[in-house]
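Number of protein chains: 2
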Amino acid sequence: MSIVVLHKSMSLDGFVAGPNVGAEHPMGEGGMRLHDWLLTDRPDTRDKEVAAAVSASVGAVVVGRRTFDVGVPIWEDTPYPVPTFVLTHRAREELVMPSATFTFVTDGVESCLKSARLAAGNGDVVLMGAETGRRFLAAGLVDEIQINLVPVVLGNGLRLLENLHHIELERIGLVASETVTHLRFRVLK
Amino acid sequence: MSIVVLHKSMSLDGFVAGPNVGAEHPMGEGGMRLHDWLLTDRPDTRDKEVAAAVSASVGAVVVGRRTFDVGVPIWEDTPYPVPTFVLTHRAREELVMPSATFTFVTDGVESCLKSARLAAGNGDVVLMGAETGRRFLAAGLVDEIQINLVPVVLGNGLRLLENLHHIELERIGLVASETVTHLRFRVLK
Chain H
1 MSIVVLHKSM
11 SLDGFVAGPN
21 VGAEHPMGEG
31 GMRLHDWLLT
41 DRPDTRDKEV
51 AAAVSASVGA
61 VVVGRRTFDV
71 GVPIWEDTPY
81 PVPTFVLTHR
91 AREELVMPSA
101 TFTFVTDGVE
111 SCLKSARLAA
121 GNGDVVLMGA
131 ETGRRFLAAG
141 LVDEIQINLV
151 PVVLGNGLRL
161 LENLHHIELE
171 RIGLVASETV
181 THLRFRVLK
Chain P
1 MSIVVLHKSM
11 SLDGFVAGPN
21 VGAEHPMGEG
31 GMRLHDWLLT
41 DRPDTRDKEV
51 AAAVSASVGA
61 VVVGRRTFDV
71 GVPIWEDTPY
81 PVPTFVLTHR
91 AREELVMPSA
101 TFTFVTDGVE
111 SCLKSARLAA
121 GNGDVVLMGA
131 ETGRRFLAAG
141 LVDEIQINLV
151 PVVLGNGLRL
161 LENLHHIELE
171 RIGLVASETV
181 THLRFRVLK
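Chains as they are written, first to last, in the working numbering: chain H, 1 to 189; chain P, 1 to 189.
Think of the hints as simulated: they come from the structure by calculation, not from any bench.
Don't take each hint at face value.
Which copy is meant is left open, so a pair is good if it fits within one copy or across any two.
Result set (SDA-like, lysine to any residue): computed pairs, CA atoms no more than 20 Å apart in a straight line [stated by the list, open to error]:
| id | residue 1 | residue 2 |
| --- | --- | --- |
| 1 | Lys189 | Gly155 |
| 2 | Lys48 | Pro81 |
| 3 | Lys8 | Arg171 |
| 4 | Lys189 | Gly30 |
| 5 | Lys8 | Thr181 |
Next up, chain H with everything else stripped away, as it sits in the complex:
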């Protein structure tokens, strides 16, 4: 059964990007610190395994419009080689990238999820973008949350878990690499 997963690298103070996210600073100022573990020349084996497990399980991606706008000049392709759905208020035609297609969905999270689920088959629907993640969480549509907890206090930026209701979780996975603590939670409903 396909599940909906929100996964994010997060600082101990809850930030998933630095301040002033935009073309100049796609991860916000100082926010690239959160992806050091992914982008280092000498990745920790456990970190690589965690990233590989996400890649192996993904069947479709839902991404917010802001993350799309900021990301697309950098990615040169879809973030994962699977059908990717952009949650947006502004319609536009499909964008065909080398390894998959971006489809723009303007009629809300539930409709977007329905399309993503269909496209994902047995794979997971992976959510990208802090606001998109929050919207899906608020709507009770997230099955699991994976937090790659980075040992840093950023002090400022964009929070992932904000303005939400009370949500009980169950920790179902824990991988500690040299630096990052990868926590996987099931959302209890």
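The hints should help you fit chain P onto chain H, whose structure is shown.
Just chain P now, kept in the frame of chain H:
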């Protein structure tokens, strides 16, 4: 060597108490959820060991005035049986409790820490209270942070790590009980 430790039970969204902390709700509304692991009738052995390790290492406590005001009617005693220093702007005489004494310090964090260090001997100085923890962190006076990460999104309340500068951490301890992930970080300076 005595160290300064900030330790707190925290939700995944960074809250260490619910909203409206006060006499009626000492941990804020819904905030007791964060202490379930400590207060349950059937504590997990690993949770008990983590709590016991803090008790065994504490030599002195620094507590904020708000935490003192809210806590003292409930505690009936000092939170730990060691000299306890209340960081405050309002002077008052020492308060002698059954197992130790509260001393009120009005001339700032550094002076408060100096007194606590002297009293702690080889024991650790443990910080209580979110605001006090932040003030010590902002002043670069915290050596280690212990977060008892509780698998819940509270949605609202009092944040521990807020309005701080960039602080690099090193994870030096990890204990996963059935529910709580106890993370210990060294503050890199």
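Against the structure, the hints:
1. Lys189 <-> Gly155: between (32 Å within a copy, 15 Å between copies)
2. Lys48 <-> Pro81: within (18 Å within a copy, 46 Å between copies)
3. Lys8 <-> Arg171: both (15 Å within a copy, 19 Å between copies)
4. Lys189 <-> Gly30: between (35 Å within a copy, 18 Å between copies)
5. Lys8 <-> Thr181: The answer is both: 12 Å in one copy and 18 Å across copies each meet 20 Å.
Figure legend: structure checked against the earlier numbered hints; every hint is met.
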